[in-house]
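Peer 1: Residue-level listing of the chains:
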Amino acid sequence: MSDPVVPGLVSINEEHRETTIVVETARLVEAATHLRDEEGFNFLSDITAVDYLGWAGADVSGYIGTRAGRDLNRPMTQGYQAVPLAKPKRFAMNYHLLSISEEPRRVRLQVWADEGEAVPSVVPVWPTADWHEREAWDMMGIAVAGHPNLERILLDDDWEGHPLRKDYPLGGEPVRFSEAE
Amino acid sequence: MTATAPSVRRTPIYEGTRIPSPIPTVLATPPDLAATGDVMTVNFGPNHPSTHGVLRLVVDLYGEDVTGLAAVVGYLHTGFEKNMEQKTWWKCITYPERIDYVSFQNNEYVFVAAVEKLLDLEIPPKATWMRTLLCELNRIHSHLVWLGTSALELGAISMFWYAFREREQILDLFELVAGYRMHTRYFQVGGLAEDIPRGFYPEARKFCDWMPRAIDDYETLLTRNKIWLERTEGIGLLSAADAIALGQSGPVLRASGVDWDLRRVEPYLAYHQVDFRVPVFPEGDVYARYRVHMQEMRESVRIVEQCLDRLEHMEGDPWIADDRKVVLPPRHELHTSMESLIHHFKIVTEGFRVPEGEAYMAIESPRGELGCYICSDGGPKPWRVKFRAPSFVALQATATMMTDALIADMIAIVGSLDTVMGEVDR
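Heads up: the protein sequence lines correspond to chains A and B, in order. Following this note's numbering from start to finish, the first sequence increments by one per residue and tops out at 181. Following this note's numbering from start to finish, the second sequence increments by one per residue and tops out at 426.
Only chain A is shown next, with the shape it has when bound in the complex:
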């Protein structure tokens, strides 16, 4: 990775032999164009949206832990080895890039968004982003600004809610009671 110059760069992390480049959401298209044209990442493998609602929260799995590890003096701390690192915003959008060239490389481009915050579309950079972004909208409710055809893809057009969000109810059908009619 030729140093610094990814536009809007926030941080670069190396974990599990994978590089994650975090950029400012507003400058995503600029960063994506740079990575495609200057760094040779001509192939967009995948876009994954992740909802971090309740991440590291005690109400998720009923544990109380500390960042440093288990606290043996407090009950119920046996659940996790350590409290996971807090995340900057609720949603992460991960763009898994690949360079189809003589030097095959992968990188994860990451932007963060809060509820209701739009993420710019990368369809002009990689046309294959079309359905991936529609899926992120359908499943996770991430509005993609500038997408040419932002409609639901896997679910019905009249579906309510975005099922992969952490606050989406897991079971049950909405019931219509006779009094309400």
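No lab work stands behind these hints: they were computed from the structure. In this text, a Cβ means the ideal position worked out from N, Cα and C, and glycines have one as well. A couple of the hints might just be wrong.
[Stated by the list, open to error] Simulated restraints, written as ranges between beta carbons of each label pair:
| # | chain 1 | residue 1 | chain 2 | residue 2 | range |
| --- | --- | --- | --- | --- | --- |
| 1 | A | 146 | B | 209 | 42 to 52 Å |
| 2 | A | 26 | B | 180 | 48 to 58 Å |
| 3 | B | 155 | A | 13 | 48 to 58 Å |
| 4 | A | 26 | B | 355 | 31 to 41 Å |
| 5 | A | 103 | B | 21 | 25 to 35 Å |
| 6 | B | 21 | A | 156 | 21 to 31 Å |
We have chain A; now place chain B onto it with these hints.
Peer 2: What follows is chain B alone, placed relative to chain A:
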């Protein structure tokens, strides 16, 4: 990592790009043609025998010509990814197989490998070689299903019987190994679920001896068959540049002249220790995709043989890693060791924990780049699992390939993409 130069075709398949604009996945009928009133919109699917599952294509027809096309997917959506968030890591292994029900071993492997990446777990050689072997047998299986059904759609019904005859042999091998013909769930985080049963190697050898002759038969039937050539040559063109821009991978990409196979450029399992060729064809049409599939089956048989050569000398070796925090203890220890009993109980009830972090694992499935993204918060259940399904991406190319196509070509083109709808809709 081995560096390879993707071969670029000297004369492009076609000039410029054919990706529709502004929506890359929708081919729109030209407005002046639509104004004539002679364009008919037809719903092709979702239930049509030659859509490989429940795919709906909204096609604009001007006589026999396809002037507009939009693929509509989602009829098979079952929420696998959401389901997996509710299960412990080791119970999740059954889900990926059902996502792509034709290449189940590969799907199973990609998930297990992603978890092993986060765990930083070392896999014993015997398990690595057996996984390679099964993944390759599974590739042959998947290509046979593709060959049989795609040829059937173009009228070559006998092909279907031949392909499914050999498929049956592969399923028998899977049954011998795992007890199940499909969705074997034979890969465990750390290795294999059971030792390789006695009698597997000779049976697999028999298959390897038989299969090249069977492929010869298929090629005799199709490769120089006049009708087959007329239906496939020059149909569904996709240039190398468009294929990369549309995220195409696997046989579709290699049939567009790009020398790219993850088994070679990012070797996983034992692929850096086996000898195999990567077939590449520069024509970018349906026929080239057919040729890639046929040659890949031959190469897969060679890989299976090389795996058998190694495995036959590994009698008695461990087939799963010895990490008691992740791997179930050997059954016989449960009667004598309290520690083992506790570990067994904890792993079965609560599940093992995967360190916090995120990982993306990509492998070359029969359909192309199959990716698995996992995110863990350090607990016994995945926080998020996402599959990069090659079929999902492949369907995005239908609009580009349908330029100047006839309605009959559409069947050949969609068939050549080798899509499995379970994987598209997940």
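Peer 1: For each hint, tell me whether it holds in the structure or not.
Peer 2: Hints and how they fare:
no. : hint                      : in the structure
1   : A/146 / B/209: 42 to 52 Å : violated (57 Å)
2   : A/26 / B/180: 48 to 58 Å  : holds (50 Å)
3   : B/155 / A/13: 48 to 58 Å  : holds (54 Å)
4   : A/26 / B/355: 31 to 41 Å  : holds (32 Å)
5   : A/103 / B/21: 25 to 35 Å  : holds (31 Å)
6   : B/21 / A/156: 21 to 31 Å  : holds (28 Å)
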